[in-house]
Structures are given as C-alpha cells and as structure tokens.
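S.K.: As a plain string of letters, each chain reads:
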Amino acid sequence: MKNLRLLPLVAFLVLLAPVRARAAQVKIIANPSVSTDAISGRELKSVFLEEKNSLSDGSHVEPVLLKSGPVHESFLRQYLSRTDDDLRNYYRVLVFTGRGSMPKELGSDAEVVAYVAGRKGAIGYVSAEAGVDGVKTLAITDGRSPVERRVITRIEPEYPETLKRLNIGGIVRLQVTIAPKGNVENVQLLGGNPILGESAVAAVKQWVYATAPSRTRIEVSVPFNPQP
Amino acid sequence: MSRRILNLILGCASVCVGLTPMRAQEFKLFERTVQVHGFASQGFIYTNDNNWLTMNTSQGSAAFTDFGLNMSTQITDKFRIGAQGYDRDLGQLGQYHPSLDWAVADYRFKSWFGIRGGKVKTTLGLFTDTQDLDFLHQFALLPQSVYPTDLRDATLAHVGGDIYGNILLQHHLGDLAYTVYAGHRSDSKYSGYSYFLTKYGVTSSSFAGLQYGSDLRWSTPLKGLLIGASRMNEEITDNGNLSLGPGIDFTSYSAVSRADWTNQFYGEYVIRKLQVDSEYRRYLHDQIVSPDSLETISDVRGWYISGCYRITKRLALGSYYSRYSITSVAGGAAAPFFPDQTDTSLPANHVYDKVISGRVDLNKFWSAKVEGHFMNGYGNSSFPDGFYPLANPGGFKPNTNALVLKTSVNF
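Each protein sequence line maps, in turn, to chains A and S.
With the numbering used here, you'll find the first sequence wraps up at 228, consecutive numbering, no jumps.
With the numbering used here, you'll find the second sequence wraps up at 411, consecutive numbering, no jumps.
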C-alpha cells in the first residue's frame with residue numbers, strides 16, 4: 001500500500017527523465033600505463049580509428065571494442081559518429097590494404113575491463129555502471145585545451161533520499177568550465193536524470209581544480225549508485 | 001570448359017561460405033597474435049551487344065572471380081608487418097595466376113609520421129587501394145572511367161615505400177592525411193594493357209618502371225565531407241616481341257614513357273544514410289615506341305558522380321554517371337599508320353555509362369548486388385577501357401547495356 005502511494009512520484013520522475021537518458025551511458029577506461037586522466041573526444045576518435053597509436057604525452061594506446069549492444073552503439077554514435085557497419089567497413093579497409101589491423105572485440109563489460117586491465121596501453125569503453133577494478137576511468141574533454149585539470153577539492157553530491165529508496169540511479173554528465181585559478185565557473189547538465197543532475201551541479205560547482213594557464217572546458221560524469 | 005567449371009565451383013563455394021557465420025581467425029606465432037582475413041567474390045555479366053571486359057558477355061559470362069587472403073601481426077607498439085595474396089579471373093585477364101597483392105612492414109613513429117615499405121598499395125583517389133574489395137562498395141563495378149578493372153595493375157601497388165601521417169588541425173579545422181610514395185610498378189602479363197597490345201602483334205614480357213607521387217586529403221570541419229587530390233608520375237618501359245605477320249620473325253619491341261602522369265581530384269560527402277562521391281582523373285601517357293620510331297600521346301580523362309542510399313539495414317540503392325574520353329596523337333615515321341583521334345564525340349573515343357545498382361547485405365560477411373549499365377561508346381583507340389577488339393572480332397556497336405550480378409564474402 002505504501003508503495004502504491006509512491007506511484008505518482010515514480011511516474012513523475014520517469015516523465016522528467018530526458019529522452020536521451022534512454023541511450024546507454026558510457027565510461028571510457030584505460031590501462032593504468034596510460035599516463036593521462038583526460039582525453040579529448042577528438043583524440044579518442046583518432047585512437048579508435050587507428051590514426052593515432054600514441055597520445056600527446058607519448059604513451060602507447062590501442063583500442064578495444066565491445067562486439068555489440070547498446071553501450072557499443074552509444075559509444076559509436078557519441079564519439080565516432082559512425083554506425084557499427086560503417087566502423088566495420090572502416091577497419092576492413094585498413095585490414096585489406098595493409099594499413100592496420102582489426103582491434104580486439106570482446107563480448108561484455110567484464111571482458112573489456114579484464115582485457116584493458118591486463119594490456120598495456122589498452123583503451124576501451126564500458127557501461128557507466130560497470131565495475132572498473134584494475135583500470136582507470138578517463139575524463140573526456142572537449143579538446144579546446146590540451147591542459148589536464150586535476151581535482152584538488154571534491155565535494156560528493158547529495159543523493160536524494162527518495163530516489164535512492166526507489167533505486168533510481170545512473171550517470172549524470174556535466175560540462176564544466178574551469179577558470180585558470182582552478183575554481184569552477186560554470187556547470188551545464190548534458191544528460192541524466194534532472195533531479196540527480198541538480199544535485200551533481202550543486203556539488204561540482206564547489207570543486208576546486210589545479211591551476212592552469214588558461215580556462216578549460218571538460219566533461220565530467222558523476223555516478224549515482226543506489227546500492228553502493 | 002575447365003575454367004567454367006572452376007568458376008562454378010568457386011561461385012558455389014563463396015555462397016556456401018556466406019551461409020555460415022564467418023569470423024576472422026587468429027593464431028599465436030612466437031607469442032604474437034597473427035590475424036588472418038580473407039575475401040572472395042563471384043560475378044556474372046550479360047551484355048546485349050559488345051563483349052565487355054574481355055569476357056564473352058554477349059553470351060553471359062561468369063569468368064569474373066577473385067579472392068584474397070592476408071595475414072598480419074603487430075611486432076611492437078609501433079611496428080607491424082603483413083602480406084596479402086590475391087588471385088582473379090576476369091575473362092582473358094588474370095587467369096588464376098596468383099600475385100602478391102601487398103607485403104608491408106610499417107613503422108609508425110607518431111600519428112603524423114610513419115613509414116611503410118615493401119609492396120605497398122598506392123594511394124590514389126578515393127578507391128584505388130580498395131577497388132578489389134567488392135564488399136566495401138555499393139557498386140559491383142566501380143565507375144570504369146576512373147577505376148578500370150581491366151587496368152587495375154597500372155595504379156594498384158608499388159614496390160618501394162610510403163611516408164604518411166595524419167595531422168589534426170588546430171581551431172577545429174578538421175584533419176589532413178598525407179601520403180608520399182615512390183617505388184617500382186610492375187604489371188602482370190595477364191593485365192588489360194598487355195592483352196590490348198596483342199592486337200598489334202606485341203607480346204609483352206615486362207611492363208614496369210618507376211612510379212612516384214603523393215596524396216593529400218582533408219576531412220573538413222563540415223561533418224562527413226572529405227576532399228582530396230592525388231598526383232602520380234611514372235617512367236614505364238614496355239619490353240617484348242613484335243610479330244609483323246605470319247611467317248615473319250619476331251623482332252624486339254620497346255615502348256618507353258617520356259612523361260606519364262595522373263592527376264586525380266575527389267570529394268566524398270556522407271550524411272546519415274546518403275553517400276555521394278565524385279572524382280576526376282586525367283592520365284597522360286606519352287611514349288616512344290621502337291623499332292618504329294613512333295611517339296604516341298594519349299590523353300585519358302574520366303569523371304563520375306555517384307550516390308547511394310541505405311534504405312534499410314540490409315538494402316541499399318545507388319546510381320552513378322561516369323564519363324570517359326580519350327584523345328591520341330602520333331608522331332614519327334610510323335605515324336601515318338596511327339591516325340590522330342581527337343574527336344571525343346565519336347563512340348571509339350568515349351564511354352558514357354549510366355548505372356543503377358542494388359545491394360543486399362545478407363549478413364555482416366555476405367552481400368549480393370544487381371546492377372544495370374547503360375553505356376554509349378566503346379572508347380577503344382590507343383588505350384583500352386573495357387572494350388577490346390580481340391574480344392569483339394566482328395567490330396563494335398555504339399551502345400551496350402549490361403546486367404551485372406555479383407556476390408562477395410569476407411572474414
């Protein structure tokens with residue numbers, strides 16, 4: 001009976017959830033040998049198109065793909081602007097003209113994480129909810145600034161009690177503008193549940209980053225896991 | 001007869017292979033992973049009039065088969081090696097004589113600077129290096145004005161080296177890919193030009209020489225738009241024997257190029273399910289022929305515009321318009337035997353081809369195509385373009401319609 005009373009609230013929250021939230025949320029992971037903690041979307045695309053086999057800091061990288069599924073489709077659409085068929089044909093050109101090889105393809109998040117953890121330079125992608133033991137998660141920057149921004153003070157967002165009780169979680173994606181001094185100038189919600197997003201924005205606005213020569217805009221993913 | 005049976009067997013085999021799920025193979029060698037990939041295609045062409053591509057197409061011909069197999073491995077983070085064997089049968093060409101398609105050692109220092117050496121696929125325009133890979137293309141036959149399949153050897157590969165790289169431009173201006181190359185090109189004895197020369201009693205023993213050039217392509221900030229330009233220079237020598245008639249001894253024959261070059265300009269635009277390609281190629285072939293002290297200059301120009309649209313995941317439709325023209329002039333003592341051809345409105349000096357095409361992807365590894373070609377002209381003067389006198393002993397008719405069926409598999 002108590003649960004029935006919560007029904008309108010659940011319906012309200014579902015309606016609030018943006019359409020884009022239906023797309024699988026993706027997290028970029030890398031072997032710890034990859035020295036950077038952030039990579040631009042453009043650089044990530046170059047790595048997965050085998051145009052780059054090293055990052056600007058010189059560390060070797062190699063792409064690892066999921067075979068199929070919503071996370072795979074979402075990654076291709078978001079970061080490579082290609083369909084699975086397009087990408088497959090792209091790799092075939094490389095393979096059959098002697099200009100590259102077919103990247104490793106694996107069937108599940110767990111397999112990707114395990115492979116990336118054990119393979120020097122490997123970069124892959126998994127569902128935002130996947131465990132990431134033994135690998136590092138890379139932040140995606142917009143590529144306008146090559147400067148890496150390290151968080152010095154991190155405030156954890158408040159998890160709204162009702163959503164937690166209802167098992168509503170997920171990843172909130174934010175675009176964060178950081179001043180040269182390290183304070184957060186602006187935060188914009190890119191995707192995710194808007195109530196969780198509000199909480200994430202409030203927290204991230206208090207974060208402090210290391211100083212840098214110029215203003216930086218990066219993308220930050222904030223996970224909300226109702227069952228930690 | 002035996003070739004017909006072989007074609008039938010290969011055709012059936014490719015279909016059977018297509019019915020089974022195919023996966024790229026891998027094995028370990030000296031603790032390194034070696035990838036193995038392959039492809040095969042089988043076609044059939046029927047024409048209403050002229051025989052095309054050295055096949056007896058007016059009766060319907062399935063002598064249109066090719067296949068390849070490659071292996072490659074990553075030696076270090078930056079160093080990779082690989083090789084591919086290729087074989088084909090296209091009417092009188094290829095005749096199942098296998099060739100080394102490419103064999104490459106590739107060292108990539110940086111994304112903007114790498115070198116590769118060995119037998120390397122030549123970068124020229126959008127599709128020179130992938131013209132044999134049927135499964136990549138909408139069309140069973142790429143526009144023959146720019147990618148003549150009977151003359152594939154002329155531009156396909158060189159034994160030498162490339163310098164290449166990708167440069168990400170600042171300020172979101174897209175990226176540039178460049179390739180600079182030099183090497184030795186060598187045509188197969190079973191290529192179209194050698195077959196063409198037999199009309200004049202010439203039996204080529206080698207058709208080879210230096211080839212060098214460059215390619216620059218820009219992926220523009222406008223998403224999906226690529227434009228580029230390629231240049232290739234050649235110094236080619238054709239050696240062989242010349243027979244002036246029955247009962248007359250052979251004499252040695254050579255043709256040395258004075259200035260052979262190719263310019264190619266191209267663009268590609270991909271938006272959602274639509275892809276539009278266009279290219280222009282000009283090839284100038286200037287050679288001195290001995291023993292007749294003959295100089296011939298052939299100016300070959302071709303362009304096309306193509307579009308294809310993916311209707312569903314399995315079905316795509318496409319069309320192109322392709323124009324080929326050739327002029328040739330001759331000088332020297334033997335010039336009177338080779339009258340100048342400068343009027344490109346004559347069917348002998350052009351081929352205009354209108355094409356419609358449908359492609360069905362039966363699964364990720366197997367596709368089938370059906371295509372209609374509506375051609376005007378047969379472009380056969382000093383240089384061939386699909387139509388050969390030896391395959392058409394009764395002479396040419398000005399128009400040719402062709403039905404092309406093709407299926408291909410890859411793994």
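The set of hints was computed from the structure by calculation and includes no laboratory data.
Since the model is a prediction, treat every value here as computed from it, not as a measurement.
The reader is advised that the hints may include incorrect statements.
[As the list claims (entries may be wrong)] Mimicking DSSO-like on lysine-lysine, the simulated pairs with C-alpha atoms at most 30 angstroms apart in a straight line are: (1) A:Lys136 to S:Lys28; (2) A:Lys45 to A:Lys104; (3) A:Lys136 to S:Lys364; (4) S:Lys110 to A:Lys45; (5) A:Lys104 to S:Lys199.
[As the list claims (entries may be wrong)] Coverage of chain A stretches by chain S, computed from C-beta distances (three or more under 8 angstroms per stretch; other residues unrestricted): (6) 52-60; (7) 63-70.
[Stated by the list, open to error] Computed far set for chain S versus chain A, every beta-carbon distance over 10 angstroms: (8) Phe30; (9) Gly68; (10) Asp77; (11) Ala177; (12) Arg231; (13) Val370.
All C-beta atoms in this analysis are idealised placements derived from N, C-alpha and C, irrespective of residue type, glycine included.
S.K.: Could you check the structure against the hints above and give me the numbers of any it violates, in ascending order?
M.R.: 3, 5, 7, 9, 10, 11
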